[in-house]
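*Asks:* Okay, here's what each chain looks like letter by letter:
There are 2 protein chains.
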Amino acid sequence: MASGAGPEVTTEAAVQVLKERILREGRNLGHGILKVDGFINHQVDPGLMDACGRELARRFAGVGATKVLTAEISGIAPALTTALHLGLPCVYARKSRPITMPDQVFLTLAPSHTKGRTVELIVSPEYLSHGERVLIIDDFLATGQTILGLARLAEAAGSTVVGIGAVIEKTFEGGRALLARLGVPIEALAQVTDMRAGRIVLAD
Amino acid sequence: MASGAGPEVTTEAAVQVLKERILREGRNLGHGILKVDGFINHQVDPGLMDACGRELARRFAGVGATKVLTAEISGIAPALTTALHLGLPCVYARKSRPITMPDQVFLTLAPSHTKGRTVELIVSPEYLSHGERVLIIDDFLATGQTILGLARLAEAAGSTVVGIGAVIEKTFEGGRALLARLGVPIEALAQVTDMRAGRIVLAD
Numbered sequence: 001m002a003s004g005a006g007p008e009v010t011t012e013a014a015v016q017v018l019k020e021r022i023l024r025e026g027r028n029l030g031h032g033i034l035k036v037d038g039f040i041n042h043q044v045d046p047g048l049m050d051a052c053g054r055e056l057a058r059r060f061a062g063v064g065a066t067k068v069l070t071a072e073i074s075g076i077a078p079a080l081t082t083a084l085h086l087g088l089p090c091v092y093a094r095k096s097r098p099i100t101m102p103d104q105v106f107l108t109l110a111p112s113h114t115k116g117r118t119v120e121l122i123v124s125p126e127y128l129s130h131g132e133r134v135l136i137i138d139d140f141l142a143t144g145q146t147i148l149g150l151a152r153l154a155e156a157a158g159s160t161v162v163g164i165g166a167v168i169e170k171t172f173e174g175g176r177a178l179l180a181r182l183g184v185p186i187e188a189l190a191q192v193t194d195m196r197a198g199r200i201v202l203a204d
Numbered sequence: 001m002a003s004g005a006g007p008e009v010t011t012e013a014a015v016q017v018l019k020e021r022i023l024r025e026g027r028n029l030g031h032g033i034l035k036v037d038g039f040i041n042h043q044v045d046p047g048l049m050d051a052c053g054r055e056l057a058r059r060f061a062g063v064g065a066t067k068v069l070t071a072e073i074s075g076i077a078p079a080l081t082t083a084l085h086l087g088l089p090c091v092y093a094r095k096s097r098p099i100t101m102p103d104q105v106f107l108t109l110a111p112s113h114t115k116g117r118t119v120e121l122i123v124s125p126e127y128l129s130h131g132e133r134v135l136i137i138d139d140f141l142a143t144g145q146t147i148l149g150l151a152r153l154a155e156a157a158g159s160t161v162v163g164i165g166a167v168i169e170k171t172f173e174g175g176r177a178l179l180a181r182l183g184v185p186i187e188a189l190a191q192v193t194d195m196r197a198g199r200i201v202l203a204d
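Here the protein sequences line up with chains A and B, keeping their order.
The first sequence begins at 1 in my numbering and counts up by one.
The second sequence begins at 1 in my numbering and counts up by one.
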């Protein structure tokens, strides 16, 4: 990154910086809700997100991905920076069909824990093709339902999921076990292992 | 950008590459709707978006911005890359209030031409403060209503809008004239001047 974007966060330090930000600025709102909207999803720290993307790109450098897939809204930032460092296009599934999309689309339903309802995930067949090798990136891996929905879209398109990456995993919501059936590498930069009684506990 | 992200698009070439992509891949869907969802908003070309962000950052290097503000969803990619190259935080206004947001927020209504309805734009007071100098970035400048809504949010927060940047401007929808009242520099990387009768005509 040869820009004027403030102090550069190196790949090696990115994970450490991320963990420090979660512990310092994250808030436990109860019911497993982790508020990190000061640097991940509402206000974004672009330098940190770029470093997270670089680290995710490094971890998935060997999986032969041809495309990065995420879900709007908060997946866009980490997916974009990961795709940038892998030199791949990035597709974000829409939650409502824009008028620029063809009538026939790939659509699946995914229950959203934080929204308390089911959301649609929609991808145009123009941008997800047979034979594509798809790396799924999201801000959170929690119940795994959104990521599993993205995997269903990829499979409907005849493409293959080759990896799953998240900035933050909540290990106690079972997503990793749910996604294990896909048989692909799963990487999370920071793992929150316990949010009981107001705690925010990270794995080493 | 010292990454493996494919051939680097330099700042100087970014605008030319953007224009070529619009002419080659853009589709005129009628009613002023320009489909560029193969590289801007649904599938994103991260290298091109990074180059666009670098060019927008260059153009606004002198305005003294302290924050980049955009609206979800399709504004996130260009705002993030612009903010990255300016070394500033990026805030995206939400269109529905997530559970992580406080009860009291800044909210305004903006008519959406492409959606055919009014949308809410919501920013948490945690991330838009009195005295902030706000650079507004979006993928499109068309009617200007979304950007004007973002400007109202900034003003409600007691901050000052110092510039407006867009990747693509549709000059025939009057947005630039509407926003002129703000008295700030307005930059668009590519200007579509005519979409009548199936045409896509760009300014030089």
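Bear in mind the hints are in silico, worked out from the structure with no lab data behind them.
Keep in mind that the hints are not guaranteed to be accurate.
As the list makes no split between identical chains, a pair holds if one copy fits it or if it spans any two.
[To be verified] Keeping only pairs whose Cα atoms sit at most 20 angstroms apart, straight-line, the calculated EDC-like set for lysine to aspartate or glutamate is:
| # | residue 1 | residue 2 |
| --- | --- | --- |
| 1 | K95 | E126 |
| 2 | K115 | E132 |
| 3 | K115 | D103 |
| 4 | K95 | E25 |
| 5 | K95 | E120 |
| 6 | K35 | E126 |
| 7 | K115 | E25 |
*Asks:* Cα distance capped at 20 angstroms. Does K95 pair with E126 within a copy, between copies, both, or neither?
*Replies:* So K95 and E126 pass the 20 angstroms test inside one copy only (17 angstroms; across, 26 angstroms).
*Asks:* When no copy is specified for K95 and E25, does a C-alpha distance of 20 angstroms or less occur within a copy, between copies, both, or neither?
*Replies:* neither (29 angstroms within a copy, 24 angstroms between copies)
*Asks:* Classify it for me, K35 with E126: is the Cα-Cα distance of at most 20 angstroms met within a copy, between copies, both or neither?
*Replies:* between (35 angstroms within a copy, 12 angstroms between copies)
*Asks:* With identical chains treated as interchangeable, where does the CA-CA distance between K115 and E25 reach 20 angstroms or less: within a copy, between copies, both, or neither?
*Replies:* Answer is neither; intra-copy 22 angstroms and inter-copy 36 angstroms both fail.
*Asks:* Evaluate K95 and E120 at a C-alpha cut-off of 20 angstroms and name the case that applies: within, between, both or neither.
*Replies:* both (5 angstroms within a copy, 16 angstroms between copies)
*Asks:* Should K115 paired with E132 be assigned to within, between, both, or neither, using CA atoms and 20 angstroms as the limit?
*Replies:* Neither, since 30 angstroms and 31 angstroms both go past 20 angstroms.
*Asks:* At most 20 angstroms between C-alpha atoms: does K115 with D103 qualify within a copy, between copies, both, or neither?
*Replies:* Close across copies (16 angstroms), not inside one copy (27 angstroms); limit 20 angstroms.
Figure legend: structure checked against the earlier numbered hints; hints not met, in rising order: 2, 4, 7.
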